[in-house]
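Enquirer: Sequence:
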Amino acid sequence: MKYPDYVKQYRPKGTVVKKVNDTYYAYYATSKRVPGKNYPVQEIKGLAGKIDRWGFHPLSRALVDTEHVVIRECGFTNFLLKFEEEYISRRSGPVKERRDLYYSMIVYLSNNSFLNDRTDVRIYRVDEMIEHFHIGIPNQITAISKICEYSLEELEPLKYICSVRMGKRIFQSELTKAQRELIERLGIEENEIR
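The end of the sequence shown is residue 198 by the numbering used here, with every number in the run present.
Just so you know, the hints here were simulated from the structure itself, not pulled from any lab data.
Any given hint could be a false lead.
What the hints assert, rightly or not - Pairs of lysine-lysine residues, derived as PhoX-like cross-links and limited to a Cα-Cα distance of at most 20 angstroms, are as follows: (1) 49 <-> 22; (2) 150 <-> 163; (3) 163 <-> 181.
To be verified - Pair ranges (Cβ atoms, derived): (4) 131 <-> 64: 48 to 56 angstroms; (5) 88 <-> 48: 54 to 62 angstroms; (6) 51 <-> 8: 15 to 23 angstroms.
Don't be surprised by glycine CBs; every beta carbon is placed ideally from N, CA and C.
Given the sequences, and given the hints that come with them, work out the whole structure.
Expert: Here it is, written out as structure tokens:
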């Protein structure tokens, strides 16, 4: 087979080239003597990389830490965070405490929220919220439902929109049909809850 000049120029030693569609791939290859044959048999060891006009590009593999995987809910939390200012404006007291209370309520409603990882926020336990802010949890849940104009049961599918962190890489969960329909009904974009 006839290859362009740049393929011949950039092909590394010890490789063979194969064309797949419009891309030239270089594979590690060695010749091995086989008893009873007059000529050596070529043995392909694996993909080395690809070749284009700009040179040879070695195969690179992404290393992902599979020992330490962190999965955090982000859909439900990000939707409720859209109403943060409205919630804060309805309460009295220092803004930081009101914000921490709202974040604590979100974590209470969605235990796996990414807010658990934030260091700039104090997340109160239920007994601490009741004691410190003199509130009733059911009243706060009702207040949040009124602010966002949806029952929290309706928003339940958003709790399964997650981000997965493996080392320095972050992956997003794929949305289900029910989640897409809910997002459309809520009148928000997918990137607003990611």
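Enquirer: Now look at each hint and say whether the structure bears it out.
Expert: The hints, checked one at a time:
1. Under the criterion of a C-alpha separation no larger than 20 angstroms, the hint pairing residue 49 with residue 22 is consistent with the structure, at around 14 angstroms.
2. Between the alpha carbons of residue 150 and residue 163 the distance comes to roughly 19 angstroms, so the proposed pair stays at or under 20 angstroms and holds.
3. Taking the CA atoms of residue 163 and residue 181, the gap is near 14 angstroms; set against the 20 angstroms cutoff, the hint holds.
4. Hint check: residue 131 to residue 64, Cβ distance near 51 angstroms, so the stated range 48 to 56 angstroms holds.
5. For the pair residue 88 and residue 48, the supplied restraint of 54 to 62 angstroms holds, since their beta-carbon distance comes to about 58 angstroms.
6. Roughly 20 angstroms separates the CB atoms of residue 51 and residue 8, a value that falls within the hinted 15 to 23 angstroms.
Hint check: no violations occur; every hint is consistent with the structure.
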